[in-house]
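Take the given structure of chain A and dock chain B to it, following the hints.
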Amino acid sequence: GAVVSQHPSWVICKSGTSVKIECRSLDFQATTMFWYRQFPKQSLMLMATSNEGSKATYEQGVEKDKFLINHASLTLSTLTVTSAHPEDSSFYICSARGSLGEANYGYTFGSGTRLTVV
Amino acid sequence: AQKVTQAQTEISVVEKEDVTLDCVYETRDTTYYLFWYKQPPSGELVFLIRRNSFDEQNEISGRYSWNFQKSTSSFNFTITASQVVDSAVYFCALSEAHFGNEKLTFGTGTRLTIIP
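Protein sequences, first through last, are from chains A and B. Anchor point for the first sequence: position 100 equals 100 in my numbering, and the numbering is continuous, going up by one each time. Anchor point for the second sequence: position 7 equals 7 in my numbering, and the numbering is continuous, going up by one each time.
Pulled out of the complex, with its shape left as it was, chain A reads as follows (with noise of 0.2 Å):
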């Protein structure tokens, strides 16, 4: 079935560094990504949407110079987080989306990654 790898699961970094979170989809062309951050005990909250190839297109309240999303091939999105600071500690987990028909409907989510600024 369709796989997302996502790297790395957790991170510690200091403040005013840069990470940078990657997903990858093993044995699908992921066309979309979508990118989520989820706070403790919240919901999953979308920040951008990316189609290979175009710029990201973020949503309302998401800072688009904070959160850097590349999405240069079908296989690979990337999304840096640019001068960390401690409130941008999350958990952050990617999705990839292809064409109709693969496992879970279009829907194929990464296994999140746990960022801890200090």
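Be careful, since some hints might not be right.
As the list claims (entries may be wrong) - Per label pair, the in silico range of CB-to-CB distance:
no.: 1; chain 1: A; residue 1: GLY16; chain 2: B; residue 2: GLN83; range: 25 to 35 Å
no.: 2; chain 1: B; residue 1: SER12; chain 2: A; residue 2: MET45; range: 46 to 56 Å
no.: 3; chain 1: B; residue 1: SER12; chain 2: A; residue 2: GLY53; range: 40 to 50 Å
no.: 4; chain 1: A; residue 1: GLU59; chain 2: B; residue 2: PRO40; range: 23 to 33 Å
no.: 5; chain 1: A; residue 1: PHE39; chain 2: B; residue 2: THR20; range: 19 to 29 Å
no.: 6; chain 1: B; residue 1: GLN83; chain 2: A; residue 2: ARG114; range: 24 to 34 Å
no.: 7; chain 1: B; residue 1: GLY62; chain 2: A; residue 2: LYS14; range: 21 to 31 Å
no.: 8; chain 1: B; residue 1: TYR64; chain 2: A; residue 2: LEU26; range: 25 to 35 Å
no.: 9; chain 1: A; residue 1: GLY1; chain 2: B; residue 2: VAL85; range: 15 to 25 Å
no.: 10; chain 1: A; residue 1: LYS20; chain 2: B; residue 2: ILE60; range: 41 to 51 Å
no.: 11; chain 1: A; residue 1: VAL3; chain 2: B; residue 2: VAL85; range: 18 to 28 Å
no.: 12; chain 1: A; residue 1: LYS14; chain 2: B; residue 2: PHE54; range: 16 to 26 Å
no.: 13; chain 1: A; residue 1: MET45; chain 2: B; residue 2: ASP18; range: 41 to 51 Å
No wet-lab data here; the hints were simulated from the structure. Backbone N, C-alpha and C define an ideal beta-carbon position, used for all residues, glycine too.
Below, chain B alone, put in the same frame as chain A:
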């Protein structure tokens, strides 16, 4: 705009009891999809089911069953004979089907604890 409401924040039941998780949704589209996901403590999302808006048949998969009622905009999830391994956060989600706006909107989740 689409919206998903899971009014039950937390539920605790004793093992082997049945439990129903409620989900109510709002959408202006006539074609849409509804999902349920399970999120265990490890964090990954486990896909449970997808239902399209034209298929109101109830579905059963082992101890899991789903009741979709368009008249009340509800898509409830029942676990029969609950087990400790069912303890997790469960999310209901909605996506509209038209190209270019297929993002998933999640409910706030229901934390289910099964007491041994």
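Status of the hints after comparison with the structure:
no.: 1; hint: A:GLY16 - B:GLN83: 25 to 35 Å; result: violated, 46 Å
no.: 2; hint: B:SER12 - A:MET45: 46 to 56 Å; result: violated, 26 Å
no.: 3; hint: B:SER12 - A:GLY53: 40 to 50 Å; result: holds, 48 Å
no.: 4; hint: A:GLU59 - B:PRO40: 23 to 33 Å; result: holds, 26 Å
no.: 5; hint: A:PHE39 - B:THR20: 19 to 29 Å; result: holds, 27 Å
no.: 6; hint: B:GLN83 - A:ARG114: 24 to 34 Å; result: holds, 27 Å
no.: 7; hint: B:GLY62 - A:LYS14: 21 to 31 Å; result: violated, 47 Å
no.: 8; hint: B:TYR64 - A:LEU26: 25 to 35 Å; result: holds, 27 Å
no.: 9; hint: A:GLY1 - B:VAL85: 15 to 25 Å; result: holds, 21 Å
no.: 10; hint: A:LYS20 - B:ILE60: 41 to 51 Å; result: holds, 43 Å
no.: 11; hint: A:VAL3 - B:VAL85: 18 to 28 Å; result: holds, 23 Å
no.: 12; hint: A:LYS14 - B:PHE54: 16 to 26 Å; result: violated, 52 Å
no.: 13; hint: A:MET45 - B:ASP18: 41 to 51 Å; result: violated, 31 Å
In summary, the numbered hints that this structure violates are 1, 2, 7, 12, 13.
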